[in-house]
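K.L.:
Given chain A, put chains B and C in place with the hints provided.
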Amino acid sequence: MNLVLNILTVCAVSAGAFFFMAGTIGLLRFPDALTRLHALTKADNLGLGLIILGVLLRVAEPLIALKLVSVWLLVQLSGAIVTQLIAGVVRQRGLNA
Amino acid sequence: MTVAFAFEVGLAALLVAIAAWAIAVRNAFTAVVVFVVYGLLLAIVWVTLSAIDLALTEAAIGSGLTGALLLGAAARLRPTETPSTAECPSAILRLAAALLSATVAAALAAGVLFLPDPTPTLAPAAAANAAATGLGNPITNVLMAFRAMDTMLEKVVLLLALVGAWSIASDRLSGERSDPRRQADPDGVLAFFARLLPPVGIVVGIYILWVGADHPGGAFQAGTILAAMWLLVLMAGLTVAPPMSCRWLRLILVAGPVVFLVVGLGGLWMGAAFLAYPPAFAKPLILAIEVAMTLTIAVTLGLLAGAPEREW
Amino acid sequence: MSATTVFGLCAAAVMGLGLYGLITNPGPLRKILAFNLLGSGVFLLFGVVARRGAAAGFGGDPVPQALVITGIVVAFSATALAIALLLRLFRVNGSATLRANAPGSAGTEPTGG
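Note that the protein sequences, when read in sequence, are chains A, B and C. With this note's numbering applied, the first sequence covers 1 to 97. With this note's numbering applied, the second sequence covers 1001 to 1312. With this note's numbering applied, the third sequence covers 2001 to 2113.
If we strip away everything but chain A, and leave its shape as in the complex, we get:
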């Protein structure tokens, strides 16, 4: 059981790290600001979710699991809001480059 949990944790965290790397490559390689924002929010949120899933498997108490999930939800909320704000400014000032 412990071995299965360990394998699952390593797989989930590796997948999360892969998505973070994909998001970073998108940040560096995509042509304009809006597509870069898109890469960052989608890939990074999924990556964070996978990492937290992997860590959840090793947690002892349910309260800590609840805190981890709420961390993920708060990061998603703030990421979405900030992305909308940046995209609004980009569109308004024609900075799409």
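FYI, nobody ran anything at the bench for these hints, they're computed from the structure. A virtual CB, placed ideally from N, CA and C, is assigned to each residue, including glycine. Among the hints, erroneous ones may be present.
[As the list claims (entries may be wrong)] For the chain A half of the interface with chain B, some residues (derived, Cβ under 10 Å), not all of them: (1) 54; (2) 70; (3) 74; (4) 78; (5) 81; (6) 82; (7) 84; (8) 90; (9) 94; (10) 95.
P.N.:
Leaving out everything else, chains B and C in the frame of chain A:
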């Protein structure tokens, strides 16, 4: 060379590279953003060094609030960009500065490499005296009991910085409400965020204050989170910063140091020493001081960090 | 060489970089930034010393860690005061420079405004 060691070496190298980038880049706004990234990486380094309280404080104040302050200032000072790049120092000055910095860094590195090996430490003393307050978090013990004088004077320093910032402001602002520079759209995303997040943030802040007695946390981190929620509401235009002459504002600002001072003088009056806590009441007294401190810190940090948003 | 020593060397390097930036960067905002970098290098050095003093079941010596927490707050308040001064200078002079013969540095109004 284990994986953990390789990771830590990589982290240290990344930290130096990002610090060099922040110094070298031309655009001031970019430099501030890189500095915020540096602060967040430093928070990870603190966790690696087993200093969780420090990681919380660094992420909240060191890169969060300082980043907000510097970003606001960089945005306000954007018209001064081109003239300032014209006064770059000469090559001789740069070479001399590089030599001086390299010497200082080398001396410090030598100091690090020759640190005494059985390290003199105060951890056993802190552990032995922890029973005096009944708190589980050793850093809270040091901050609130063993070196409470430093913490009290730090409150006064915060207040002095705010008084200094206020005294430079225009005379015409001292009595009136200062308007926010930008009114956010009341139906927009920022206003929605400023209605949704502060209740959660306030609960998290109070939780961090409460849990700081036995686990990483404490008054500074809690005060910073509360200040950040207040700043969010201010930036969204949902409320206006109170004027400097407001009475309740000034009361909250002095509440922290005054409660600290009263408890300290009470210890002196009861015969022991300044800031000595009677053992039976140590934990409630410390909690009362921390609550007053958190309120003062929240208001002071909010006013200090929101400065570029207002008209000075 | 343990990881803690590596972080100590990193702190020394960051302090050198901060000092260089403080001396050579012309704009006051960049100087304040370099000063903050210098300060964070000092705090990192304190943290390294605290980590080396781990004993009695703690992960690190709590006294240097408490000193660093105090230091971070004081550094922030110093930065805030410096930024307030800088913004006021910009507002009064129209330019944020530390040179003595800057344009517009002949006093405009007697008091604030």
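K.L.:
So, for every hint listed, does it hold in this structure?
P.N.:
To see whether the hints hold, each was checked on the structure:
1. Given the 10 Å rule on beta carbons, the hint for residue 54/A is violated: about 17 Å separates it from the nearest Cβ of chain B.
2. At about 8 Å, the closest approach between the beta carbon of residue 70/A and any beta carbon in chain B falls short of 10 Å, and the interface hint on this residue holds.
3. Because the smallest distance between the Cβ of residue 74/A and any Cβ of chain B comes to about 7 Å, under 10 Å, the interface hint for this residue holds.
4. Satisfaction of the interface hint for residue 78/A is found here, the shortest Cβ-Cβ separation to chain B being roughly 8 Å, below the 10 Å cut-off.
5. Checking residue 81/A against chain B: minimum C-beta separation of about 4 Å stays under 10 Å; hint holds.
6. Because the smallest distance between the Cβ of residue 82/A and any Cβ of chain B comes to about 9 Å, under 10 Å, the interface hint for this residue holds.
7. For residue 84/A, the interface hint holds, the least distance from its beta-carbon to any beta-carbon of chain B being 5 Å, beneath 10 Å.
8. Hint on residue 90/A is violated. Least Cβ distance to chain B is approximately 14 Å, over the 10 Å limit.
9. A least Cβ separation of about 18 Å between residue 94/A and chain B goes past the 10 Å threshold, and the interface hint is therefore violated.
10. Checking residue 95/A against chain B by beta carbon gives a least distance of about 13 Å; that is not within 10 Å, so the hint is violated.
Hint violations for this structure: numbers 1, 8, 9, 10, all remaining hints satisfied.
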